[in-house]
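Protein chains in written order, with the working numbering: chain A, 1 to 216; chain B, 1 to 159.
These are calculated hints, taken from the structure and not from any lab test.
Here the structure is a predicted model, which means the values were calculated and not measured.
Among the clues, some could well be false.
Claimed, not checked - Covered, in the sense of this in silico footprint (three residues per stretch, anywhere, with C-beta under 8 Å from a C-beta of chain B), are these stretches of chain A:
id, stretch
1, 66–75
2, 137–148
3, 197–204
Don't be surprised by glycine CBs; every beta carbon is placed ideally from N, CA and C.
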Amino acid sequence: MLSALAGVVAVPAAMIACNDIIGLSDYQRVECTGLVCDGGGLPDTSTIDATDGTDGGGRGDASGTQPVRWAAWPMPNYVPPDASPDSVDNPLSYSATTGGFVDDVTGLVWAHPMPSEAGSPMPFEQAKALCDRLPNGPWRLPSRIELVTLLDLSKQGTAKIAATFEGTLPVAHWTSSEVRPFEPERQYWVVDFGSGGLAKLHAGTSAAVRCVKDRP
Amino acid sequence: MMSRTRARFPLRGVVVALVIASPVLADAPRDQYEFFSAETLKIKDRKTGLEWDRLVSGPLPFADASCASGTRLPTLKELLTIVDEEPHYTYDETQLKNVPKMIDQFAFGAQTPTDKAYWTSSVNPDGQVWTVDFQTGETRLAHPDDARYVRCVAFKPNP
Chain A
1 MLSALAGVVA VPAAMIACND IIGLSDYQRV ECTGLVCDGG GLPDTSTIDA TDGTDGGGRG
61 DASGTQPVRW AAWPMPNYVP PDASPDSVDN PLSYSATTGG FVDDVTGLVW AHPMPSEAGS
121 PMPFEQAKAL CDRLPNGPWR LPSRIELVTL LDLSKQGTAK IAATFEGTLP VAHWTSSEVR
181 PFEPERQYWV VDFGSGGLAK LHAGTSAAVR CVKDRP
Chain B
1 MMSRTRARFP LRGVVVALVI ASPVLADAPR DQYEFFSAET LKIKDRKTGL EWDRLVSGPL
61 PFADASCASG TRLPTLKELL TIVDEEPHYT YDETQLKNVP KMIDQFAFGA QTPTDKAYWT
121 SSVNPDGQVW TVDFQTGETR LAHPDDARYV RCVAFKPNP
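Taking the hints into account, I'd like the entire structure generated from these sequences.
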């Protein structure tokens, strides 16, 4: 009985350790070709759904309530060695559209100008609700990696954001990305267009809002 | 006969357990990175077109943060694309303890010490340099004389 109990405790730890040693973990990531990765009929525990910027997809997991979004756009970010000191980190390109601007790289549509009620910082739930009721939606709060794309780190003395979004407050802006592990006091990532940095903020604290939607 | 049967059963159980063991943890979407194995030295991100060095160097001052020919330091935005918002917990040999790592555990986990942040090529107008901390997921400005890790990258657009 005791040995059985010891086995119950030891086996999960051994499984993980052995997976690393024999490299099994590497092969769990192989895309199925029909040859090797059906797992011998084992259930596929993966619920991964790549975010392509158009379907609002992502992947849920046990420690958060929302899917994690990953960058799903090319990063034409090479900065030539002879680039002018004024050049931005990443080439930014936006085209006007109804209610805002389309990012020509990511395909995301950014609301601009934001309504006057967005003129001052607000708690998370209020920011979320504001995006929900913007016309020409469905608008939503951007994820962390989405909002980061608006940064223009070369700016000084003004909000570090693409000139297209003139009037943006140089303060923290809400993202929909939960700080994980997701705890009862609920924190969300914010992108600070004043400093250019990322930070964690409690949902009840106030931050500014910029809404986004996927390109139709 | 009895003892032989009893001796074999738990062994078979362990073998089966090893095969089905599938730690359900967060990582990049399945199709984010091209196929890689334990020996792969570069991880290609299909979505962003960035090809990442799996091995890192450092900690080094910013001036010494060099990359091999054909690769370069990533920009802040580029380096943030490999941050996994869902941390996994693992033993870190540089810190001699279990620490959270906010990066794909299979692609980069074992090759990503997190006791210090990582340099980017993004320089703030005040001369400080942006870094990414893979233990907290945060970005920070660092003085160029500080020592940070270096992970190089190349942009290889998909055909």
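How the hints compare with the structure:
{"no.": "1", "hint": "66–75", "result": "holds (count 7)"}
{"no.": "2", "hint": "137–148", "result": "holds (count 3)"}
{"no.": "3", "hint": "197–204", "result": "holds (count 4)"}
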